[in-house]
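Colleague: Protein chains in written order, with this note's numbering: chain A, 1405 to 1740; chain B, 1405 to 1740; chain C, 1405 to 1740; chain D, 1405 to 1740; chain E, 1405 to 1740; chain F, 1405 to 1740.
No wet-lab data here; the hints were simulated from the structure.
There could be a bad hint or two in this list.
[Said to hold, decoys possible] Keeping only pairs whose Cα atoms sit at most 30 Å apart, straight-line, the calculated DSSO-like set for lysine-lysine is:
hint: 1; chain 1: A; residue 1: 1454; chain 2: C; residue 2: 1489
hint: 2; chain 1: B; residue 1: 1437; chain 2: D; residue 2: 1454
hint: 3; chain 1: C; residue 1: 1454; chain 2: C; residue 2: 1547
hint: 4; chain 1: C; residue 1: 1489; chain 2: E; residue 2: 1489
hint: 5; chain 1: D; residue 1: 1452; chain 2: B; residue 2: 1489
hint: 6; chain 1: E; residue 1: 1447; chain 2: C; residue 2: 1454
hint: 7; chain 1: E; residue 1: 1452; chain 2: E; residue 2: 1462
hint: 8; chain 1: A; residue 1: 1504; chain 2: A; residue 2: 1489
hint: 9; chain 1: D; residue 1: 1452; chain 2: C; residue 2: 1723
hint: 10; chain 1: B; residue 1: 1693; chain 2: A; residue 2: 1693
hint: 11; chain 1: E; residue 1: 1462; chain 2: A; residue 2: 1489
hint: 12; chain 1: E; residue 1: 1723; chain 2: C; residue 2: 1452
hint: 13; chain 1: A; residue 1: 1437; chain 2: A; residue 2: 1489
hint: 14; chain 1: B; residue 1: 1504; chain 2: B; residue 2: 1414
hint: 15; chain 1: C; residue 1: 1462; chain 2: C; residue 2: 1504
hint: 16; chain 1: A; residue 1: 1462; chain 2: A; residue 2: 1447
[To be verified] Covered by chain B, according to a simulated footprint, are these stretches of chain C (three or more residues, beta-carbon under 8 Å):
hint: 17; region: 1579–1593
hint: 18; region: 1619–1627
hint: 19; region: 1648–1658
hint: 20; region: 1661–1669
hint: 21; region: 1672–1680
Glycine included, C-beta positions come from ideal geometry on N, C-alpha and C.
6 protein chains.
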Amino acid sequence: MPHQLICDLKDGANVQQYFMMRQAQSGTTKAGKPFFNLVLGDKSGLIKAKVWSDVLSKCPGPFPTGNHFFVQGQVESYQGEAQLKVGYIISVEDLRAQGKDLRNYDPDLLCQATPYDRQELWQELWQLAAEEIRPPLRELVLKVLDRYGEEFQVCPAALRYHHPYLGGLLEHTWFVARHALASLNLYGDLNRDLVLAGAILHDLGKIKELANPPAPERTVPGQLLGHVVLGWEMVRSEAQALEFSDPTLLVQLEHIILSHHGSMEFGSPILPKTREALLVNFLDDLDAKLKMMSQHLESDTGEGDFTAYNRALQRDLYKGGSAAAGDPEPDREIEP
Amino acid sequence: MPHQLICDLKDGANVQQYFMMRQAQSGTTKAGKPFFNLVLGDKSGLIKAKVWSDVLSKCPGPFPTGNHFFVQGQVESYQGEAQLKVGYIISVEDLRAQGKDLRNYDPDLLCQATPYDRQELWQELWQLAAEEIRPPLRELVLKVLDRYGEEFQVCPAALRYHHPYLGGLLEHTWFVARHALASLNLYGDLNRDLVLAGAILHDLGKIKELANPPAPERTVPGQLLGHVVLGWEMVRSEAQALEFSDPTLLVQLEHIILSHHGSMEFGSPILPKTREALLVNFLDDLDAKLKMMSQHLESDTGEGDFTAYNRALQRDLYKGGSAAAGDPEPDREIEP
Amino acid sequence: MPHQLICDLKDGANVQQYFMMRQAQSGTTKAGKPFFNLVLGDKSGLIKAKVWSDVLSKCPGPFPTGNHFFVQGQVESYQGEAQLKVGYIISVEDLRAQGKDLRNYDPDLLCQATPYDRQELWQELWQLAAEEIRPPLRELVLKVLDRYGEEFQVCPAALRYHHPYLGGLLEHTWFVARHALASLNLYGDLNRDLVLAGAILHDLGKIKELANPPAPERTVPGQLLGHVVLGWEMVRSEAQALEFSDPTLLVQLEHIILSHHGSMEFGSPILPKTREALLVNFLDDLDAKLKMMSQHLESDTGEGDFTAYNRALQRDLYKGGSAAAGDPEPDREIEP
Amino acid sequence: MPHQLICDLKDGANVQQYFMMRQAQSGTTKAGKPFFNLVLGDKSGLIKAKVWSDVLSKCPGPFPTGNHFFVQGQVESYQGEAQLKVGYIISVEDLRAQGKDLRNYDPDLLCQATPYDRQELWQELWQLAAEEIRPPLRELVLKVLDRYGEEFQVCPAALRYHHPYLGGLLEHTWFVARHALASLNLYGDLNRDLVLAGAILHDLGKIKELANPPAPERTVPGQLLGHVVLGWEMVRSEAQALEFSDPTLLVQLEHIILSHHGSMEFGSPILPKTREALLVNFLDDLDAKLKMMSQHLESDTGEGDFTAYNRALQRDLYKGGSAAAGDPEPDREIEP
Amino acid sequence: MPHQLICDLKDGANVQQYFMMRQAQSGTTKAGKPFFNLVLGDKSGLIKAKVWSDVLSKCPGPFPTGNHFFVQGQVESYQGEAQLKVGYIISVEDLRAQGKDLRNYDPDLLCQATPYDRQELWQELWQLAAEEIRPPLRELVLKVLDRYGEEFQVCPAALRYHHPYLGGLLEHTWFVARHALASLNLYGDLNRDLVLAGAILHDLGKIKELANPPAPERTVPGQLLGHVVLGWEMVRSEAQALEFSDPTLLVQLEHIILSHHGSMEFGSPILPKTREALLVNFLDDLDAKLKMMSQHLESDTGEGDFTAYNRALQRDLYKGGSAAAGDPEPDREIEP
Amino acid sequence: MPHQLICDLKDGANVQQYFMMRQAQSGTTKAGKPFFNLVLGDKSGLIKAKVWSDVLSKCPGPFPTGNHFFVQGQVESYQGEAQLKVGYIISVEDLRAQGKDLRNYDPDLLCQATPYDRQELWQELWQLAAEEIRPPLRELVLKVLDRYGEEFQVCPAALRYHHPYLGGLLEHTWFVARHALASLNLYGDLNRDLVLAGAILHDLGKIKELANPPAPERTVPGQLLGHVVLGWEMVRSEAQALEFSDPTLLVQLEHIILSHHGSMEFGSPILPKTREALLVNFLDDLDAKLKMMSQHLESDTGEGDFTAYNRALQRDLYKGGSAAAGDPEPDREIEP
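Isolated chain A, as found in the complex (with noise of 0.2 Å):
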């Protein structure tokens, strides 16, 4: 039986496959009996999942987060959302152990991600720095991809709001940085360096905010310090390190980064003073922005003209708006 997406899971749906763990936690019953309420993943999204007395006592677990397990189960709704009643749960390392068969066991299904190829965003984002910035941007720029270059191809861009997968601080920079790239054509006399290099080295503290690409979660840096100064001070340590020429230009770049969630009620120290953090400022919240409507677009299974209201965006959205939700592939041919 091939794997079912989870986002394809209905009601009533036998289950014999393979997810993630992405949380676990125990729980007694009215009637004093134990049991686990799980949440399992795979690369479509995420499901509720129960564990019942009588199946753990021959399944006892443990269940780590990030681990692979194989799931017999039944779909139910509870509250008008899908659940997984499992009937059986085995860990791969168990069904490893035991020697048994893993022929349909497909990590790469298990685990969320941006709908993009990684390898081609990076390229692509890669040659963007290389070929559009002068230097001395370019050299600083190219420098810090390079350096940081494993996590950013992993990491999400948020742990929940937007982008909330493996790849997501890539996917979310490539946007913002093409945007910025046809942008300045219209507006052509802004410092066209700093705007690139702003676009693409923005959200570069997230790399320290969050850790565990594939079941990502905060850091205590991430926490106490947050991804907008973090990323400044990556920023700036590695100029330090280049010896970086043009101390006036740096600056600038450091404010795009410091100013880009464009007011202090949203964790900027400083507001935009330049017209490239603006710009930056406007195509990062605008990516998000688009990004958490299309997630919450997609995740709606309701009836109605309307999804429910998402309290991240403060609003409800009118589901009839585009030819078609979801993630289709941008015209990578043309030359914006």
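Dock chains B, C, D, E and F against chain A, hints included.
Modeller: Chains B, C, D, E and F only, in chain A's frame:
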């Protein structure tokens, strides 16, 4: 003596040329003598002027707003601001009546206007609608453009904040529409027709909000109703007259117009609830803010690395921000 | 057994009577059995109900919203709230098809509606317009009332917050208009015609915002455009059709409608800039808030001197506040 | 020459009459000469005045606030505002000491005051309390009115915002109380005694907040404690002295007074938690805002359809709004 | 078996001991059986408890709030929270009536209270007033302390937010007053008497706002008037009774009490306008927030470096923050 | 003639002494004559000065900021503010070049500075760090103090709001650190080292935000990045250089610095999430606000019980508040 642009007038300069009257207010000096505070304009901006009582006795006025005047005088600095001390002032009408030589009188120099060729902008905007939007929205947009074309080409985009000059609405709309076209290359799953129609029509109501483009002022309906709803009603009426075939599409276009201020605090009665509306909202706001920044940077003549505080933007601006301030020709050849 | 009003149902009560279906959602118990969460209504309010799987097997539904059902069951208290445990449920259509006795079936009992006589309210409102408003606004108001009379008499005033029932708009408008009439005795220099026309028409757009009065829901235009601008456009169109003679008067009436929410945060695109608009804004807000308080006081069944916290009002209420909660007959005889 | 009202003084007018000194501040001209900036008042309003050094030499002052002066001078327009250039100024005391003729001196003309007959207002307010409120609140209200009657009849309602003149508190209270009476006809299930007592006593604390009614200023307790709590304590003390019999009723009246500003941001330590408190809060706010609007419309002498921006109201006002601005006699005969 | 503190109860523990009843609410299971949700308390905190129908049949209650009960049961984890499944429950009264052995019954263990010795705190607070404040404020403060001493020593500082237990007001006041004493060493030009009197009396009104200290609830005056003004009035009355000699000093003390919430949004009708008032405002807020943090840290039993989100503080907290959470003895020997 | 302090200069006084140039701006009178608006300073404050054209002709300047000048002139009152009418002005350099007698020239008198002995403050601050903080934070703090000691001792605490003078940062830091030491006596379970290190280093970034301490101005990095993050980076770099041994401790210190403004609206990118951070945030804010109040009280020279409105504090202040305004020596002997 050729016309000296107001933006180039320096302390001590002698002036012998034509201006448009933008404001005139009589007063009395501490010593009890009458005088006039004027605001004079040409295509490059505005300058305050004083007509003291000794001059008034030979040049008694009147000084109706919007009329053209020949002025002799000297530029002074008053509280850090250039000001014209008028030595002689007479209206073009009076000069003409006296059969005077008006050889140097060039009305085109006296009116603040978009730096772009309005006809070109208009043609390009019209073409964008004609070529990029599909029926049935194409018909609606072209019908609206045709009906309001004359006003659309002269109306300012605002009284003060951004593009506050003849053709400002057209310039602003051109940038928003072209930017939208570029953005659609990236966000290809948005409804292209809605985005472009919304981008072109979002500020249509300015035409009824503002009167007298060369020396703009708000109309009574503009102040009691506002351009957001006025523009919505103009499009809705036009669609009704056209017996627009797709009510679901129409209500989404109407939604884009009503929600384009992005939040209720800023005068939209509704938040953007589609991604198309969100995109138009962002591109509109971005163009307006970038222009406000450019205008503030250009008008700042002080020393130091930062401008004076700008109330509307709620910040001061860094003056070293771009290679060159001002409004360079955007790259008009490119096909984004 | 006569109909017991929902507001009077107490823990333990046996129920054998008709209800209107207001909501129906299927679910699955922890033990994997299907059930239905219903919301049933009658003229006195709403009650949640459960149909467990054993009952479902003999009463499989469907349970379409707005339809009438005969229900047997028992009232339980669940988390401090009354809830009906359904023993048997069948639609009136099915009963009729089975040729069953429908003697006790009284559809008038099943629909939540204004406690006042709608015909009387309507007649008085119409008369108020006819007698107290002078031409040319009199003609406009009466024309609008005549055209939308049917919907006006059944439309709720809101989905949830205040007067959320059949005839709610009429009841609310009657109170605001009568209050306005009384206020004009004190503030005699206001434009009487504008205040009364504004009071009567301020919420007209609700007719297009809300559909299906007995079980109300928001329309797509209602959610994408909002009742404030919809009502404005309805009046403006009507005036245009009438070739309304006094544009200055008309724009002030339009202003009252657009600004009646009193602030931009609350969805008016413009602030009240006339005293007439301010008065209508206050009387509308006051009637809505007093009604919300009454509704909250009535619905609170807990002990103690204060109600639970009310989100919309952002406060709890003192329950000892009035001689008697509820909606007594206002003094209809008086000529204010 | 009869007294010309300040509100009627026009540019160029000659003045020979009495004024009340409202403010006096000495200064030095750029040329080093002393002068005085005065604010003079009569019953119709305030006017700024200048006493230059040549006049000062013969009219050296002093110019104590609240005193009456005979002034000769000429009205000028300074920055669009009428201003009196003083030619001669002498106090009534000095004139009297010099045995001068004071035939034209009428102190009643010099003090800004409510346009209504204060005795009539007072009598009607007292009667309203005596006839419309039932015991035990009747006794409490009358006791308070009797004890503070003298101050109540002269106190302004505010220093600047609304009714800032002799008798302003009484006028404001009369309107709020009469409006409350009318509102109770519609909202008949409210506690009538509480609403009326609250309406009459809500601003009682102004009496301790403001001193010197003809030329009002804030007291130290007024600025350190505020009228809201001062008025509450005055009523509470009086009730204690009366051994008020119904503590539940009393605490609700106290609540109305403390919450009458309607929100904590506006200085009420508590939100209105009863419908009675909400009604008084709305009628108070409405009367204050309508008056502020009237005052602003009256004081605006500029051209155009809209007034200048009013800070307290945070808007400009439409000047074509009412048949007639100003304060017509409310219909005092009617029994609402 | 000695009393196990609630804060130490772990999943699976058996319990045979006394508790205070803090809340009791009856319910019905899905299967239609009655049960009780209880909240039980001891000196270390609160725990939820369930009494299912089988137990109820032999232990029918009633369960009045504030009474003491002997309970047998077992601790379970429900949704991550410890909960007691009651096997047997009987009131101390019934045990006594049955002549049962109450050897292990220690009422002192059952009431949540300040960890400090209340008598010591009280003595030190009184002494601080007696030794550090000079006349005439000394007399006033001591008079107030003496009159309200009994309530002051048991009253909580709040219902929920901080120090929500017996003696909480005293503990909070002790810290604020001692901190004020230390601060005065640095800010020596402040009026020492005012600061100390204000620190001691700022929350006096809690005594009238909250009733029944062992199981606190808000009074009607507390909810309709609030502790800020209640406390102010208590001090003002006392001063009046004392014929307090210095009205200027008194009004400043009154101002400190009224303004101690620091802003109008937080319920002070006036902002601190003296440095003394500002200091008391800060020290009060600081002690409350530090305590809220301590309480939240202590109550958090989850894993991870950060607590759950705390609504009142609007943040989550870092759990590695201090050497040790909890409430150590402050250094009581030191003379700050 | 000895130096008269600016704060003591009264209307009419003759002046013959030295000042520091703080600002200089040229202008033209209405009569077309050039003049200079100056701001002159000494250790006690600032005074505006005018150099009219007749004086300019003999004293042509230039007037570079920060330089010292000898000035003859007379104090006038202009719009209620003291102003110096300059009769003669010459720079100390020119005097020296002319070989003039500079006997009365004392540069120490000309610079606004903390009233405390900077060396003593510095020594005590250093000692506090050395004695009260334990390793490893002790080393880090001392290392930072040593490296930035020179700037730390002269830097102002702000440009305008509080301690805007030479040594202001040191004075402010001394108070916050000493206050923290005292607070730790009460809140003994806080991490003492973190609190003290945070108190000492919280405003370190001011050193890079502000330049030219005697006549301070903001730097470009100061305006584009802000002192909050600049200070954080300075400490972080230093710790890196030191190979600081305890990363968990370090990140908490960094958190204190980044969060010390207490809220995002005030420019901290993160809220205080530890009690240590909260304490430093409060003590910093308290010292700044107390100082702002003192400064405003001192600068107010008007009559009446209340100062003029202070924008930064958003209130007026009571002037009878303290025994004595001003900055008395804090009790330096005490061991808190």
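Colleague: Between the region 1648–1658 of chain C and chain B, are there enough contacts, at least three residues with CB-CB distance under 8 Å, for the coverage claim to hold?
Modeller: It holds: at least three residues are needed, and the region 1648–1658 of chain C offers 4 whose Cβ sits within less than 8 Å of chain B.
Colleague: Is the listed coverage of the region 1661–1669 of chain C by chain B valid when you require three or more residues with a beta carbon under 8 Å from a beta carbon of that chain?
Modeller: holds (count 3)
Colleague: Need the status of pair residue 1504 of chain A, residue 1489 of chain A: alpha-carbon distance at most 30 Å?
Modeller: holds, 24 Å
Colleague: For residue 1452 of chain D and residue 1723 of chain C, compute the direct alpha-carbon distance and say whether it is at most 30 Å.
Modeller: Roughly 54 Å separates the two Cα atoms, so the pair is violated.
Colleague: Take the region 1579–1593 of chain C, compare each residue's beta carbon with every beta carbon of chain B, and decide whether three or more fall closer than 8 Å.
Modeller: violated (count 0)
Colleague: So if I understand the rule, the pair passes when the alpha-carbon distance is 30 Å or less; does residue 1454 of chain A with residue 1489 of chain C pass?
Modeller: holds, 26 Å
Colleague: Using a Cβ cutoff of 8 Å, are there at least 3 residues of the region 1672–1680 of chain C near chain B, or does the coverage claim fail?
Modeller: holds (count 4)
Colleague: Residue 1462 of chain A and residue 1447 of chain A: Cα distance at most 30 Å?
Modeller: The given pair, whose Cα atoms are some 28 Å apart, holds under the 30 Å limit.
Colleague: Can you confirm whether the C-alpha distance between residue 1504 of chain B and residue 1414 of chain B stays at or below 30 Å?
Modeller: Status holds; Cα separation ~29 Å.
Colleague: Taking only the CA atoms, is the gap from residue 1723 of chain E to residue 1452 of chain C under or equal to 30 Å?
Modeller: violated, 42 Å
Colleague: Next pair to validate is residue 1452 of chain D with residue 1489 of chain B; report whether the Cα-Cα distance is within 30 Å.
Modeller: holds, 28 Å
Colleague: What's the verdict on residue 1454 of chain C and residue 1547 of chain C, does the C-alpha distance respect the 30 Å limit or exceed it?
Modeller: Given pair residue 1454 of chain C, residue 1547 of chain C is violated - Cα atoms ~48 Å apart, limit 30 Å.
Against the hints set out earlier in the document, violations occur for numbers 3, 6, 9, 11, 12 and 17.
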